[in-house]
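These protein sequence lines are chains R and G, in that order.
The opening position of the first sequence corresponds to residue 1 in our numbering, with each subsequent residue numbered one higher.
The opening position of the second sequence corresponds to residue 1001 in our numbering, with each subsequent residue numbered one higher.
Just so you know, these hints were derived from the structure itself, not from any lab.
Careful, some of the hints might be misleading.
[What the hints assert, rightly or not] In silico lysine-lysine, DSBU-like type, Cα no more than 35 angstroms apart, as pairs:
#1 K275/R - K1117/G
#2 K82/R - K92/R
#3 K1048/G - K363/R
#4 K363/R - K92/R
#5 K1117/G - K1048/G
#6 K92/R - K274/R
#7 K275/R - K299/R
#8 K363/R - K82/R
#9 K1098/G - K274/R
Keep in mind the model is a prediction, meaning the values are calculated, not measured.
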Amino acid sequence: MRSGAEMSDEDLPETTEQLPLDAWHRAQGGRMVPFAGYAMPIQYEGIVAEHEWTRNHAGLFDVSHMGQLMITGENAAVELEKLLPGAIATLKPGRIRYSLLLDENGGILDDLMVTNVTPEGGEPAYYMVVNGATKWDDIAHLREHLADEVTLTHLDERALLALQGPEAAAVLETLLPGVSADLVFMQGTSCEWRGEALGVGRSGYTGEDGFELSYPADKVAELAEALVADDRVRPIGLGARDSLRLEAGLPLYGHDLSPETDPVSAGLTFALTKKRREEGGWMGHERVAQVFADGAARKRVGLALEGRLPAREGATVYFGDSEVGTVTSGGFSPTLGHPIAMAYVASEHTAEGTVLEIEVRGKRLPARVVPTPFVPHNYYRGDK
Amino acid sequence: MARYFTDEHEWIDVDGDVATVGITDYAQGQLGDIVFVELPQPGTQVQKGKDAAVVESVKAASDVYAPITGEVTEANDALDGDPALVNTAPEGEGWFFKMTIADQGELGGLMDAAAYKSFCDSL
C-alpha cells in the first residue's frame, strides 16, 4: 500500500522546524507530518471525528506556522493600499478584513487577514496574518515595496491558536470573561491573560463561529492546556482543518489560489471594494480591472459529486468530450456524506446546476456546479 | 491456513490454492477514515508488487499492491456499501479480494506475523 499526495509531501527531504507546541501535540497523540516547513499534527483521534467535533463543539487548532506581521507608521494604511486591493484606510480600529497580496500581473501571491490594531490616539498599526508557506516571500515583498517610514515587524515570538466551533464563544468566556460579547465576526481586540498580551480576532477558517488567539510562543502551552481542560474542546489536526475549510468553500493558498490565478477568476471580488477597484493605485490593478471588465475566462466553482469516490486536486473536468477545467481541492465531505470539490472551470460552464464530469482513474464521475459554501457558515454577527 | 505480510502493509491468507488479500491494521491506522475502496473485477490478472486496488481515505488515495501474482476470483462487495469495514475489521470482514496463486514460490519472500510485527515496530 502506498499513499498518494497527502497534505504533506513526505518524499521531499525537507527540513522541518518545530512549532512552539511540538511536544504538546505529541503528548496529545498528534501524528506529526511536514507541512509548510514545520512538523505539524495532521490528526489526533481521526479526521472525521475531529471534523464533527468542530462542527458540534469547539476545536483547538495550532496555526503558529502562519506569519504574524505588524505594520506601523503614520502612513501605514496608505502604504498598504499600494499592495492590497482592499480598503485599508477606511478599516476602523478593531475591524478585520480579508485581503490579498498581488503581483504586477494581478496574480495572487497570498491571501491574508488584516486587523486595524491602532491604539486610541496612538500610531497607526495593522496586524496581518499570512500563510505559513508564503510568509518569507510575503515579508520580502512587503519590505521591497513598503515605504521606508513604515515599519514591518515579524512577530515570530508569538504563537497563534484558533478556537473554532459553536461552543467556542462559551469556552472563551470562561477564560476571558466579557471578551467574546464585545466581538462579532471579523472584529478583534487585545486583552491580557495571565499577565501576557493576548490578541483575539473573531474569525477563522472552518465556517464556524470562533476566534484566533495570538499569544507569546513560550507561554502558549499554558493557553492550549487551559483550553483543552474544558470538556467542550479537543485538539484538531490539519486533516480536519482542510475538510472543514473545503466544506466552508474557503480557498487554500497554493492549491485554489496561486500566482496563476487572479482575484476575479478566484471568485474573491468581495475583497476588492468598488471604489478601490475603480480608482486603482495598487499592484496588479490594471490586469485585475481588465479581467473584471472583460469577465474571467475561467472561474472557481464548487462541485458536488454523487457516490463516495472523491475527486482530488489535479483531476480534469469535462463537459461532454471537451476538457473544461481542473480540480484544485477535493475530498469527501463528512457533513454532507458525499465528495465535494473546487475547480477552475471555463466560465461558460459555471452556471449553477450545470452537470460536468470529473475523470478519476479513467472513470467519469458526474459533478454538479453548486453554490459555495457547501455547508452554511455559522458566523456570529450579533444578536438579531 | 497461513497468513503472510508484505512490507507495503498488505496481508494475504493462503488456503490451499486460493488466497485472500487485505490491508493490515497498521495500514488502516495510517490511512484514517476510509470512504471508498476500488476493487479489481474477478478475472483481473494482478502481478506481484503492482497496483491491484485503490483505497480512498478522507486524507488521500492510496494504491494497494498485489502481494503475489495471480487472477482475482472474487471482490469483497461488502466494501461498496460499507468501506469503513476496512477501519473496523481490516484483517477480517474488511478483506479486499480473493485470488489464485500463480507461483507458490512467491509466498516465500513474504513476512510471517512475527516478522511483520517487528517490521512495524521499526517504522
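- Message: Just to be careful, I want the Cα atoms of K1117/G and K1048/G compared with a cutoff of 35 angstroms; is the pair within it?
- Response: The hint holds at about 22 angstroms.
- Query: Does the structure keep K275/R and K299/R at a Cα separation of 35 angstroms or less?
  - Reply: 23 angstroms, holds
- Item | Holds or violated: K1098/G to K274/R, with C-alpha atoms at most 35 angstroms apart | Violated. K1098/G to K274/R sits at ~63 angstroms, over the 35 angstroms cutoff.
- Message: So if I understand the rule, the pair passes when the alpha-carbon distance is 35 angstroms or less; does K82/R with K92/R pass?
- Response: Holds, at about 18 angstroms.
- Could you grab the alpha-carbon distance between K1048/G and K363/R and see if it respects the 35 angstroms cut-off? 24 angstroms, holds
- Item | Hint consistency between K363/R and K82/R [alpha-carbon to alpha-carbon, up to 35 angstroms] | 47 angstroms, violated
- Is it true that the CA of K363/R sits at most 35 angstroms from the CA of K92/R? 51 angstroms, violated
- Within 35 angstroms, alpha carbon to alpha carbon, are K92/R and K274/R? 18 angstroms, holds
- Query: Taken at face value, is the distance from the CA of K1117/G to the CA of K275/R at most 35 angstroms?
  - Reply: Cα-Cα ~65 angstroms, so violated.
Comparing the model with each earlier hint shows violations of hints 1, 4, 8 and 9; every other hint is respected.
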